[in-house]
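J.: Sequence:
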Amino acid sequence: MENNKPKANGALVAALVIMTILAGVSSYLLYEQKEVGKNQEATIATRVEELATTRTRLDSISTALDAKIAEVKKLGGDVTDLQRVKESLERDKAALRKGQRISIAKYEAKIKQYEAYLVEKDTLIAQLRSENQLLVTNNQTLTDANTTLQTEKQTLQDSVTTYTAANRDLTDKVTRAAALKAQNVRVYALNSKGKQRDATQDEVKSKRVDKLKVVYMLPENPLTRQENKDVYVRVLDPTGAVVSDMANGSGTFQVNGEEQIYTVKQTVPFTNNNQNVELTYNRGTVPYKPGKYTIEFYSEGFRIGEGSFAIK
1 MENNKPKANG ALVAALVIMT ILAGVSSYLL YEQKEVGKNQ EATIATRVEE
51 LATTRTRLDS ISTALDAKIA EVKKLGGDVT DLQRVKESLE RDKAALRKGQ
101 RISIAKYEAK IKQYEAYLVE KDTLIAQLRS ENQLLVTNNQ TLTDANTTLQ
151 TEKQTLQDSV TTYTAANRDL TDKVTRAAAL KAQNVRVYAL NSKGKQRDAT
201 QDEVKSKRVD KLKVVYMLPE NPLTRQENKD VYVRVLDPTG AVVSDMANGS
251 GTFQVNGEEQ IYTVKQTVPF TNNNQNVELT YNRGTVPYKP GKYTIEFYSE
301 GFRIGEGSFA IK
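Residues in the sequence shown are numbered consecutively from 1, following UniProt numbering.
Heads up, some of the hints might be wrong.
When the alpha-carbon atoms are kept at most 30 Å apart in a straight line, the in silico DSBU-like pairs for lysine-lysine are as follows [said to hold, decoys possible]: (1) Lys-153 / Lys-112; (2) Lys-289 / Lys-312; (3) Lys-193 / Lys-265; (4) Lys-195 / Lys-211; (5) Lys-86 / Lys-73; (6) Lys-112 / Lys-93; (7) Lys-106 / Lys-93; (8) Lys-289 / Lys-211; (9) Lys-213 / Lys-289; (10) Lys-213 / Lys-292; (11) Lys-106 / Lys-74; (12) Lys-74 / Lys-98; (13) Lys-181 / Lys-229; (14) Lys-153 / Lys-181; (15) Lys-292 / Lys-181.
Now the in silico label distances, taken between C-beta atoms and shown as ranges [stated by the list, open to error]: (16) Ala-70 / Leu-135: 31 to 39 Å; (17) Asp-237 / Thr-155: 29 to 37 Å; (18) Gln-113 / Asp-144: 40 to 48 Å; (19) Gly-257 / Val-286: 42 to 50 Å; (20) Arg-97 / Thr-20: 17 to 25 Å; (21) Thr-56 / Thr-80: 25 to 33 Å; (22) Thr-164 / Arg-303: 21 to 29 Å.
No lab work stands behind these hints: they were computed from the structure.
In this text, a Cβ means the ideal position worked out from N, Cα and C, and glycines have one as well.
Build out the structure end to end from the sequences listed, making use of the hints.
T.: This is the structure:
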């Protein structure tokens, strides 16, 4: 029995040593596992942060691209290339969201390319702005020039209008100056026997008036052409009515754009030598009303003279 006791003690000691060793190994393995876990968590956190940063930078680039597309459109430039890059960027953003085997280094390189592209487009936009400003300046210059031309044109038109009006006025004055003048008007009453009385100075009884003889003088006028002139004679009774008989030579003519009735018309060969003119008017069987009569002369649209006579 005494020989077996040392053996038992040795086995116990060996067991304790083994257990101590195992405990140490377990502690070491547990420590290593915890360290690995900590490293993995740190790696994941870093990864998440890198992904978030990459997404933010891509979103910022996307916003900048939208702004540049809008500005280039406003400036009238071609946005085809910008839109193509924007589509490529959207594909990269979609791939990043899926998170399949993402290479941050690869995205970093793309972001640098996008940023360089934005800088390049800034130069293009600056050039477009300069060109647009030049166009605006040129347009303003053209507008000013056009305004000046319009002003000069209006001034010219006003001058032409003034000249035309002055020319028309001068023409009217010349035409009026060249018009005939009927002067020294005398009216004689003729009876059935041909005896005449001066109705211009004395009242003549109505029953003694079978015809009217009108005598007047056309004075010399160097502006008047020597040619046949139509002279329209209007005899107005005491009420202002025109003495007329359409079946006996009366008719109508134009004066100042209005139609007027004339008593008798006479064509006179104008000789421009203070010629005396005579015409006879036969009213027929209609008696003349008592009162003062007015006789008017018209030629070439102008009233050229007048006279009067009296009937009792």
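J.: Checking against the hints above, which ones are violated?
T.: The structure conflicts with hints 1, 11, 12, 14, 16, 17, 19, 20, although it agrees with all the remaining ones.
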